[in-house]
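K.L.:
Model the full structure from these sequences, guided by the hints.
Going left to right, the sequence shown walks through residues 1 to 144 as this note's numbering numbers them.
None of these hints come from the bench; they were simulated from the model.
Keep in mind it's a predicted model, so treat the numbers as computed, not measured.
Think of the CB as a built atom: it goes at the ideal place given N, C-alpha and C, for glycine as much as any other residue.
One or more hints might be untrue.
To be verified - Okay, the calculated beta carbon distance ranges per label pair: (1) Gly89 - Lys22: 24 to 30 Å; (2) Gln143 - Asn16: 21 to 27 Å; (3) Ala141 - Glu75: 42 to 48 Å; (4) Thr81 - Gln4: 32 to 38 Å; (5) Gln61 - Ala141: 20 to 26 Å; (6) Cys37 - Ala141: 28 to 34 Å; (7) Ala55 - Thr104: 29 to 35 Å; (8) Asp50 - Thr142: 30 to 36 Å; (9) Glu124 - Gln4: 19 to 25 Å; (10) Arg129 - Asn16: 37 to 43 Å.
Unchecked claim - When the alpha-carbon atoms are kept at most 27 Å apart in a straight line, the in silico DSSO-like pairs for lysine-lysine are as follows: (11) Lys80 - Lys22; (12) Lys22 - Lys121; (13) Lys121 - Lys20; (14) Lys117 - Lys127; (15) Lys52 - Lys127; (16) Lys20 - Lys127.
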Amino acid sequence: MDRQEQIEFLLDHYENPRNKGKLENADAAMTWGNPGCGDIITMYANVGPDEKLTAVTFEGQGCTISQASASVLTEWIKGKTLADIESMGHEELIDLLGRDVVMTRTRCALLSLDALKLALKEYERNKVRAENNTTIQKYQATQN
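P.N.:
Shown next as C-alpha cells:
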C-alpha cells in the first residue's frame, strides 16, 4: 500500500472499528495506557482448548492510531495461537499498519499489542495456578 492507502486503511478502522466492545466472560483482559498522550486500551480475549484465540475485542479511548491499531489487531490475530502472539514482534504490527504513517506514534500503534500480550501472560499464569491448585487438592485428598 502507498502512504495514502495506509492512511485510508487506518481511518476506516478508526471510524468503523471492528470488534469494539467488552467481551463478556473473557478468559483474558488487560487495560494498558500511554501516559504520554492519555490513550487507554482494554483488550479482551477468549482462548480455545487448542490454545487458539477464539474471540478478541477491545475498548478504549485515544488517538486515531491507537484505536485503529486495536481494530486491525483484533482482525489480524483471531485464530492465532498463544505461541504465535507471544512471538509476534512490534515490527510486524508496525508494518501491517503502515510504517510510514505510524513511525512518529509507535507507542500509540503498539498499545493494543502490548495490552494483549500482558493479558495473555496473566491468563497463562492463572491457568498454571489453577492446575497447581488442582494437583495440590488431589494430593491432599489422597492424604486423608
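K.L.:
Given a hinted range of 24 to 30 Å, is it respected by the beta-carbon distance of Gly89 and Lys22?
P.N.:
holds, 28 Å
K.L.:
Go ahead and decide if the range 28 to 34 Å is satisfied by the Cβ distance of Cys37 to Ala141.
P.N.:
violated, 53 Å
K.L.:
Please verify whether Lys121 and Lys20 have alpha carbons no more than 27 Å apart.
P.N.:
holds, 22 Å
K.L.:
Does the structure keep Lys80 and Lys22 at a Cα separation of 27 Å or less?
P.N.:
Satisfied, since the Cα-Cα distance of roughly 20 Å is no more than 27 Å.
K.L.:
Straight-line Cα separation of Lys20 and Lys127 no greater than 27 Å?
P.N.:
holds, 26 Å
K.L.:
Are Ala141 and Glu75 spaced within 42 to 48 Å by their CB atoms?
P.N.:
Check passed, 46 Å falls within 42 to 48 Å.
K.L.:
Falls inside 19 to 25 Å, the C-beta gap from Glu124 to Gln4?
P.N.:
violated, 40 Å
K.L.:
The hint says 21 to 27 Å between Gln143 and Asn16; measuring C-beta to C-beta, is that right?
P.N.:
violated, 58 Å
K.L.:
Arg129 and Asn16, beta-carbon distance inside 37 to 43 Å?
P.N.:
The hint (37 to 43 Å, Cβ to Cβ) holds, given that Arg129 and Asn16 are roughly 39 Å apart.
K.L.:
Straight-line Cα separation of Lys22 and Lys121 no greater than 27 Å?
P.N.:
Holds, because 19 Å separates the two Cα atoms, which is no more than 27 Å.
K.L.:
Do the beta carbons of Asp50 and Thr142 sit within 30 to 36 Å of each other?
P.N.:
holds, 31 Å
K.L.:
Determine whether the Cβ-Cβ distance between Gln61 and Ala141 falls within the hinted range of 20 to 26 Å.
P.N.:
The hint (20 to 26 Å, Cβ to Cβ) is violated, given that Gln61 and Ala141 are roughly 48 Å apart.
In terms of the numbered hints stated before, the structure departs from hints 2, 5, 6 and 9, listed from lowest to highest.
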